[in-house]
Each structure stands twice: as C-alpha cells, then as structure tokens.
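Given two chains presented individually in distinct reference frames, assemble the corresponding complex, making use of the accompanying hints.
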Amino acid sequence: MDNEIEKLLPSLQNMKTRERAFSELMRLTKRALYWHIRKIVLVHEDADDVLQNTYIKVWRSIESFKGECQLYTWMYRIATNESLTFLAQQRARNVSTPLDYEDLMIQRMEADSYFDADELQQKFQEAIMTLPEKQRMVFNMRYFDEMEYKEMSEITGTSEGALKASYHIAVEKIKKIITG
Amino acid sequence: MGTEFENIDRKLPFETPDGYFEGFEERMMSRIHDEEVSVELNHIEQLNSHRHRIIRLAVSGVAVAALLVIGIYTVIGYQNNVNEQAEQIIAATAEEEAYYDEVNDALGTREIEEALAQLNFNE
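In order, the protein sequence lines correspond to chains A and B. Going by my numbering, 42 is the number at position 39 of the first sequence; the sequence numbering is gapless. Going by my numbering, 23 is the number at position 8 of the second sequence; the sequence numbering is gapless.
This is chain B alone, in the form it adopts within the complex (with noise of 0.2 Å):
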C-alpha cells in the first residue's frame, strides 16, 4: 500500500524563473531602501499632521479660555452691578424710614400737645 509513496522523487515539482537568486540581495537592499524611505516620509506625514492637531488645539484651547475669561469678568460685574443698586436701595428705604419716623414723632408731640389742651379748656 505504501509502496507508490515510498516511490515519489523527493525532489520538489517547482522551479524558479532563470537567474532568480542572482543579484537577490541587491534588489532587496533597494527594496529595504525604498521601505526605509517611505516610512520615514510616513513618519513626517504624521508628524505634520500631529503638528497641524497641536496647533488647532491650542487656538482652540486659547479662544475657549478668552471666553471664559470675558463670561467670568462679565459675571462679577453683573454681581457687583447688583449689589451696587441693592446698597442704594437699601439707603433710599432707610432715608424714607427716618423721614416717617421723624414724622411721626412730631405729629404725636402735636396730637399729645392739642389733647393736652384740649384738656385745660375744658377744665
């Protein structure tokens, strides 16, 4: 049975085109050349192309962070603006209280004086 195997000629049924091994290792090292060349163009490509992000990125960071600058001074100012207009209406209120205040007083010396007299009349 295992005869017809045993019989095969070992020798491998593949040829190669005329001449192939010679001068293999020049064209390979051109090969490697060539590969060396287009990764390191590869290489600066990407390079460039980081370097393009970097630069977008930081303008982008710098308008972002101007903007921020402009709403927090804006804020401040909108509070101290606030806080301006409470103090002085606080001030106009206490002004009117102690207009009244002062008012009343000399209204009720009045009232207390008229009754007063009123009194001695009519004694």
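The following block holds chain A by itself, in its conformation from the complex (with noise of 0.2 Å):
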C-alpha cells in the first residue's frame, strides 16, 4: 500500500490531477488513518472531526511537501498532532469540570454508542486510558497496530530507543492495573 501512496505524490502536486489522486489517496489511507486517530480520542464522533481536518491539513500542505519522509508517514504524523492538539483542547475546556480529565473521557469513551467492550476489554482500556497521552500513543501504535519501532520514530519524532523504553513502561503499568 505504501508504495501505491508514495506513486500518488506527482498528480498530487500537479492542479490538474491533484482532485482525483487525493479521492485515492483517501481511499487508501482513512482506515488507517481513521483508526489511528479513534485510538487517541477514542470517541467516534471526535475521530471523525480530526480525520477531516487531518485530510483537508495535508490538502492545503501537499503542494508544498518536499518528500522528506514518506508521503504515509508524514499523513500519520499530521493525524498524530492533530489528535493530540484536539485532545489538549478538549482539555482546556473541561478545567472547571470536578472530574479528572482521565475518567472524564472514560466516561465519553463508554458512553459512545460505537464503543462494545466486555469487561476484560473495558478493564483494558480503562488501563489505557491512565497513560500519559503520548505513552498512550505509543502502546496503541505497538500493541494494535503491530507498528515497527523505526516507523513509530518517524512519525513521533523520538528515538526508537525511547519508543522501546516507553512501551515497556506502558505494558508494566497495564499489567500491574489489569492484575490488580
């Protein structure tokens, strides 16, 4: 797949064909995308919003992309921050709430009609949810998305040797949540 996006990049970066290839390259890309986002704001709805203005990001920057990374990574990236910038605003408004913002969107993420856990999933993503939200990131990327750390590092911008580091704190802090 990736190389089917990495071959779009030319119409992309051409007015003519730019329409056509971008409907492609959204055909190839928002499963991914979509899910990647849905594991960092949980909420459908939400995941929605930042996958839309994820792509209408890359719209507006594709022209001026310089190939520096792989075209994929860099749309993973865009999405990563987006997610994150969402989740720092969701945060900012609900100061005033008493809750802490963590059960806070545990109480989105259960209340979602798209959200079907049973109790040991629920336990799970409860767990996740303690995580720092980069961590978080992190553990989903690696635990459902089977990611390489390499391709982790270039999205996140982090070193493979802190990704690897910061898994592991992640899986001992679920364990030791899940056991009790």
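None of these hints come from the bench; they were simulated from the model. The beta-carbon is built from N, C-alpha and C at its ideal position, and this holds for glycine as well. One or more hints might be untrue.
Just the calculated beta-carbon pair ranges, DEER-fashion [unchecked claim]: (1) B:Ile59 x A:Glu175: 21 to 31 Å; (2) B:Gln61 x A:Glu66: 17 to 27 Å; (3) B:Gln61 x A:Leu12: 30 to 40 Å; (4) A:Glu66 x B:Asn57: 13 to 23 Å; (5) B:Gln61 x A:Glu175: 45 to 55 Å; (6) B:His65 x A:Lys179: 54 to 64 Å; (7) A:Ala165 x B:Arg25: 22 to 32 Å; (8) B:Gln61 x A:Ala114: 34 to 44 Å; (9) A:Glu136 x B:Arg25: 44 to 54 Å; (10) A:Gly164 x B:Asn57: 43 to 53 Å.
This is the structure in structure tokens:
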C-alpha cells in the first residue's frame, strides 16, 4: 500500500490531477488514519472531526510537501498532531469540571454508542487511559497496529530507544492495573 | 501475572456507524470545496477591510499634509509681516534720528554764533 501511496505524489502536486489523486489517497489511507486517530481520541464523532481536519491539512500542504519522509508517514504525523491538539483543546475546555480528565475520557468512551467491550476489554481500555497521552499513543501503535519502532520513530520524532522504553513501561503499568 | 494481559483480544472494542467509510471521499471533497470557498471569502473580506483602512489612512494623510502646508504658510506669512514691521520701525527711527541730528547741528551752530556775538559785544 505504501508504494501505491508514494506513486500518487506527482499527481497530488499537479493542479490538474490533484483532486482525483486526493480521492485515491483518501481511499487508500482513510481506514488506517481513522483507527490511529480513534485510538487516541476514543469517541467516534471526535475521530471523525479529527480525520476530516487531517485531510484538510494534507490537502492544503501537499503542494509544499518536499518528500523528506514517506507521504504515508507524513500523513500519520499530521493525524497524530491533530489528535493531540484536539485532546489539549478538550482538556482546556474541561478545566472547570470536578472530574479528572482521564475519568471524563473514560466516561465519554463508555457512553459512546460505538464502544462495545466485554468486561476484560473495558478494564484494559481503562488501564490504557491511565497512561500519559504520548505513552498511550506509543502503546496503541505497537500493541494494536504492531508498527515497527523505526516507523513509529519517524512519525513521533522520538528515538527508537526511547519508544522501546516507553512501550515497556506502558505494558508494565497496564499489567499491574489489570491484575490488580 | 501477565497471563490475563496476554489473553486480551487485540481487536479494538470500537466500532463505526454503518457505512461510515462508504462515500467518505465524496463527503470529504465536498467539505474541502466548502473550506476553499470560505477561505477565499475570508481572503476577499480581509482585502476589503484592508482597502477601507488604506482609503481612510490616505484621506487622513492628505488632511494632515494640507494642515501642515497651511501651518507652514501661516508661519512664513507671520514672519514676513514681523520683518516688514521691524523694517518700518527701523526706518522711522533712523529718520527721527537724522532729524534730531540736524536740529542739534542747527542748535549747536546758533549757540556758537550767539556765544561769539556775546564775546564781541563784551569786548
């Protein structure tokens, strides 16, 4: 799939073929980007908003994309930044609520009609929610997407060593919470 | 200890609304077009607001320049007037002084003549 995406770049940077190529780009990437975002923001409506904002940003910046990294990695990075910005804005809006932000997120996730988990999965998701945002992102990318550390490093701009350490710490924390 | 963790299904417990991904590209392209139109409108609005500001600034600039010119002319006119008056006063003073000199001269001559006449008479 990566190769197919990279092949689209000349058409994306040409005004005449841009729209068609962009539709194709969305067809190829929408699912992966959606699930990456959804794991960070948790609720479907929020993930939908963030995904749309991500594509708008990609559309506006594609002309100036210089190809320093793979197009797919660059889009992942935009999606990650958009998701983290969204969470920061949401956190700022909820400053006045008595609940901890993590509790609020868990409440919202469990109230989402598109969340369907058994008891163990729910406990697991709640444990993931206790992780700091970036660590949670690293855990999700590695655990659910089985992404290579090299690719994660390109997306997050963090060294592979630091990512490995972060993932290891996250796993230990989650294990501790689940086993009580 | 890790058994429970290892047994967890790696499938995410999240779902999407039915058909969410179908027609996503069309929906997104339509949103992008809307965004582009709104960006263009914003751009035009900004240009208009800048144009109004530029016109207002130009009018103010012309008014200030006119006031400045009027001010400079007034000051120059006032100075010329003062100079003229000073010249007139100087000229009048000079005339007066010349008259007094003449009178003094005349008086001086007469006094000498009288003194001489007095001397001649006494002799």
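Against the structure, the hints come out as follows:
no., hint, verdict
1, B:Ile59 x A:Glu175: 21 to 31 Å, "57 Å, violated"
2, B:Gln61 x A:Glu66: 17 to 27 Å, "21 Å, holds"
3, B:Gln61 x A:Leu12: 30 to 40 Å, "32 Å, holds"
4, A:Glu66 x B:Asn57: 13 to 23 Å, "19 Å, holds"
5, B:Gln61 x A:Glu175: 45 to 55 Å, "53 Å, holds"
6, B:His65 x A:Lys179: 54 to 64 Å, "60 Å, holds"
7, A:Ala165 x B:Arg25: 22 to 32 Å, "24 Å, holds"
8, B:Gln61 x A:Ala114: 34 to 44 Å, "41 Å, holds"
9, A:Glu136 x B:Arg25: 44 to 54 Å, "21 Å, violated"
10, A:Gly164 x B:Asn57: 43 to 53 Å, "45 Å, holds"
Hint check: violations occur at hints 1, 9; the rest are consistent with the structure.
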